[in-house]
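Enquirer: Single-letter residue listing:
Number of protein chains: 2
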Amino acid sequence: MAQNIYDDPHFFARYSRLPRSVEGLGGAPEWPALRALLPDVTGRRVVDLGCGFGWFCRWAASHGAASVVGIDLSGNMLDRARADTDNPSISYEQQDLDALDVSGAAFDVAYSSLALHYLGNLGQLFATVHRALVPGGAFVFSVEHPVFTAPSAPGFVAGTAGRSVWPLDRYLDEGPRVTDWLAPGVVKHHRTIATYVSLLFQAGFKMAALDEWGPTEDQIAEVPEWAIERERPPFLLVAAHHA
Amino acid sequence: MAQNIYDDPHFFARYSRLPRSVEGLGGAPEWPALRALLPDVTGRRVVDLGCGFGWFCRWAASHGAASVVGIDLSGNMLDRARADTDNPSISYEQQDLDALDVSGAAFDVAYSSLALHYLGNLGQLFATVHRALVPGGAFVFSVEHPVFTAPSAPGFVAGTAGRSVWPLDRYLDEGPRVTDWLAPGVVKHHRTIATYVSLLFQAGFKMAALDEWGPTEDQIAEVPEWAIERERPPFLLVAAHHA
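Protein chains in written order, with my numbering: chain B, 7 to 249; chain H, 7 to 249.
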């Protein structure tokens, strides 16, 4: 099963103070780009894989989704999601995405934000999502970008050209990466872009869009320290269709 | 128009001594992976964009292609391609791919090896290739991988973890990169993977496969100095279908 780091009290306390935890989707700079990949959710049955505090579930419901199911492994996160949610069209379920169990053809839209890089068996998850979607259904997700997850020492260093450089290595060496992000010993699973795309094809999806997200000029004008994120994209955004 | 560095005598002399120039496809370690993306060429009309010395053109003809057109900007390369070719089903044309002029629905398979990163206007080239292919036609190409073309200082350096690292920067800053590869002042055009994929979609293609190529274990056993290429992929291989 996936590591349940979000139920580590120290990690959870620190995660809860991130802008995206406090401000929701508005605190996630990649949200406008991810939203642009989503179909209109009006009247749709939506599932959020790794729903966290439920910000996206509430957004989807408030934008007309017929029903929204938020799934997460972390009891801590679901407790707060339920406490913050007052909409009968939203329900939450505690499940490990590495062993996801959902009904067939139950959803029109599957969404996942920055969760799938924690999973050990992504091919199985993609197959489950494909079965859970109706024909023509949309699968839109973000993950940490493979150039972000790959390195032995993931942090900018001074380069010879006088710029900060990202010390890329081990890109083609897929598998677990243990990092100290908010807490020591967080386990992520590094996969190449080619593997994400190949696993989607193998599960029966068609590719619809791929975005390597970095902050826009407007965002950098507002938060200048984000400029460095353009040296290497932090997030990969993908849209696929049930074919 | 694209820079015609292959007609620079110094560059051409050095390029002519590379294994892939001397040995042909067998000297190109990514060829088995690129070949795996190709459809059966038997009876097909094939075009090779940036055909160089014509190795692929001769391979396609010897594997049953009905006709093969090799296109290149370099007169030097086409002179040698013609001298090395003795097959009436193969013809060569000198054209700048940045202003490619071909008939509509004239080909079943379009192929390009390590040429498209020299082009300034890839969207236009993709649109031209789409028009030149019949419905269901295949477009298979390789380019230098975006993590390879991005950096200000593209060369491995010692990393803090005691490994060689690739100093990635400027990944999201697309545009020309001037490098000293075989000769000073070689101009390549850096584009992200997302841009390659988006331009294919915009031209009307469907994605069929994406490979971030690195040497296999068997290849490294044979040529140990290739191991470092697994730290960051040197080539991006793409297969798309005319939709």
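The hints are simulated quantities; they were obtained by calculation from the structure and are not laboratory data. Honestly, I wouldn't trust all of these hints.
Which copy? The list can't say, so a pair holds if one copy fits it or any two copies do.
Unchecked claim - Computed list of lysine to any residue pairs in SDA-like fashion (alpha-carbon distance at most 20 Å, straight line):
#1 Lys212 <-> Arg41
#2 Lys212 <-> Asp90
#3 Lys212 <-> Ala111
#4 Lys212 <-> Arg20
#5 Lys212 <-> Gly126
#6 Lys212 <-> Ser97
#7 Lys212 <-> Leu43
Enquirer: Hint by hint, note whether the structure agrees.
Expert: Here is what the structure says about each hint:
Within a single copy, Lys212 and Arg41 get their C-alpha atoms as close as 19 Å, which meets the 20 Å cut-off; across copies the closest is 22 Å, which misses it. For the homomeric pair Lys212 and Asp90, neither the shortest alpha-carbon distance inside one copy (35 Å) nor that between copies (42 Å) is at most 20 Å. Taking the closest pair of Cα atoms, Lys212 and Ala111 come within 20 Å of each other only inside a single copy of the chain (17 Å); across copies the shortest separation is 25 Å, beyond that limit. In this assembly of identical chains, Lys212 and Arg20 lie within 20 Å of each other by CA distance neither inside one copy nor across copies; the values are 37 Å within and 42 Å between.
In the homo-oligomer, the alpha carbons of Lys212 and Gly126 never lie at most 20 Å apart, since the shortest distance is 22 Å inside one protomer and 29 Å across protomers. With identical chains, the CA atoms of Lys212 and Ser97 are never at most 20 Å apart, being 29 Å at best within one copy and 36 Å at best between copies. Taking CA atoms no more than 20 Å apart as the test, Lys212 paired with Leu43 passes in both settings, with 14 Å inside one copy and 17 Å between copies.
Hint check: violations occur at hints 2, 4, 5, 6; the rest are consistent with the structure.
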